[in-house]
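Using the sequences and the hints given, assemble the complete structure.
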Amino acid sequence: MFYKDNINEINNSGLNRLFIDEVYAVGKILKISESQTHYLKTVMRLVAGKKIAIFNGIDGEWLAKIITLEKKIGNLELLKCLRPQEKSPNCWLLFPPIKSLRTDFLVEKSTEIGVRKLIPIRTDYSQVNRFNTKKHIYHAIEASEQCGRLDVPIIETLSSLEGMLQYWPESRILLFCDETGGEPISFAASEYINKESGFAVLVGPEGGFSPAERLILKSKPFVRSVNLGSYILRTETAAITALSTTLNIKGL
924 MFYKDNINEI NNSGLNRLFI DEVYAVGKIL KISESQTHYL KTVMRLVAGK KIAIFNGIDG
984 EWLAKIITLE KKIGNLELLK CLRPQEKSPN CWLLFPPIKS LRTDFLVEKS TEIGVRKLIP
1044 IRTDYSQVNR FNTKKHIYHA IEASEQCGRL DVPIIETLSS LEGMLQYWPE SRILLFCDET
1104 GGEPISFAAS EYINKESGFA VLVGPEGGFS PAERLILKSK PFVRSVNLGS YILRTETAAI
1164 TALSTTLNIK GL
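End of the sequence shown sits at 1175 in our numbering; the numbers just go up one at a time, nothing left out.
Incorrect hints may have been included.
As the list claims (entries may be wrong) - Below, in silico cross-link-like pairs of lysine to any residue (SDA-like), each with a Cα-Cα straight-line distance of 25 Å or less:
| no. | residue 1 | residue 2 |
| --- | --- | --- |
| 1 | 954 | 972 |
| 2 | 1040 | 1157 |
| 3 | 964 | 950 |
| 4 | 1010 | 1164 |
To be verified - Taking CB as the label site, the calculated pair distances span:
| no. | residue 1 | residue 2 | range |
| --- | --- | --- | --- |
| 5 | 1048 | 973 | 42 to 52 Å |
| 6 | 990 | 1157 | 38 to 48 Å |
| 7 | 1058 | 1134 | 48 to 58 Å |
| 8 | 1174 | 994 | 42 to 52 Å |
| 9 | 1069 | 973 | 15 to 25 Å |
| 10 | 1008 | 1133 | 50 to 60 Å |
| 11 | 967 | 1086 | 40 to 50 Å |
| 12 | 1003 | 1130 | 49 to 59 Å |
| 13 | 1110 | 1003 | 40 to 50 Å |
| 14 | 970 | 1095 | 40 to 50 Å |
| 15 | 1137 | 994 | 51 to 61 Å |
| 16 | 1115 | 1065 | 26 to 36 Å |
If you are wondering where the hints come from, they were derived from the structure by calculation, not from laboratory data. A virtual CB, placed ideally from N, CA and C, is assigned to each residue, including glycine.
Encoded structure:
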């Protein structure tokens, strides 16, 4: 098969991977950025003639040969497609910004799990009200390169929870991780999630959700309150637990 024959080439050779947002075609020459050139030349110690794997989130994974690596610019030649494009699970994550390193961890692990969209939200009890979208897109790209994923999750700018709910697509179930109660997440994942419509997970800040936010959430027909067990989890722990459980149960 196309995939099996070519994935062995990736696994056996230990090819470095780069996300390059260009249109791909056999024989095309691509220019790479200064940071990508530095990574290949200085960090990975690669030279002209070596091969790497590249992807753009649309055309699958491609084998490319390094043509030149100068001080600030490099060129690659596209050789062939190694893997056809695969869709990531139709899954979103809504989360409040948390302390810097913990947000980095959350973005990285959510990317590795396969989340398609990350949506930072402001809540009444949020302790951090800033989110550097550009920085976290960079972290998501790095995580996608390292984990073998063929796309990079969409990362939205910071918005309010109330505003997000106002324009929510009602066919997409929102699993509201509620430390005060709710159905077991395993049950909710089995009963309510539709692969085609997708789903989203909502986790709260360290202080939880305010009474007003709980009322709004529980009034929405697309929201299902779920619990993640008997302990109170950190934001990033709750997110990864909920995502992993639901994706595993639905076979996504």
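Hint-by-hint comparison with the structure:
Annotation: proposed proximity of residue 954 to residue 972 holds, straight-line Cα distance about 15 Å (limit 25 Å). A threshold of 25 Å between alpha carbons decides the hint, and for residue 1040 with residue 1157 the separation of about 21 Å falls inside it, so the pair holds. At roughly 22 Å between alpha-carbon atoms, residue 964 and residue 950 fall within 25 Å of each other, so this suggested pair holds. For the hint linking residue 1010 to residue 1164, the alpha-carbon distance of about 22 Å falls within 25 Å, and the restraint holds.
Against the hinted window of 42 to 52 Å, the Cβ-Cβ separation of residue 1048 and residue 973 comes to about 51 Å, which satisfies the hint. Separated by about 46 Å at the C-beta atoms, residue 990 and residue 1157 satisfy the suggested range of 38 to 48 Å. The hinted range of 48 to 58 Å is not satisfied by residue 1058 and residue 1134, whose Cβ atoms lie roughly 33 Å apart. Range check, residue 1174 to residue 994: Cβ separation about 48 Å, and the 42 to 52 Å hint holds.
Roughly 18 Å separates the CB atoms of residue 1069 and residue 973, a value that falls within the hinted 15 to 25 Å. Checked against the given bound of 50 to 60 Å, the beta carbons of residue 1008 and residue 1133, roughly 42 Å apart, lie outside it. Here the CB-CB span from residue 967 to residue 1086 is close to 43 Å, well matched to the stated 40 to 50 Å. Remark: the range hint 49 to 59 Å for residue 1003 to residue 1130 is upheld by a beta-carbon distance near 52 Å.
As the Cβ distance of residue 1110 to residue 1003 is approximately 46 Å, the hint placing it in 40 to 50 Å holds. Between residue 970 and residue 1095 the C-beta distance comes to about 48 Å, which sits within the given range of 40 to 50 Å. At about 56 Å, the CB distance of residue 1137 to residue 994 agrees with the hint of 51 to 61 Å. One distance hint, 26 to 36 Å for the beta-carbon pair residue 1115 and residue 1065, holds here, with the actual separation near 33 Å.
Violated hints for the displayed structure, listed by number in ascending order: 7, 10.
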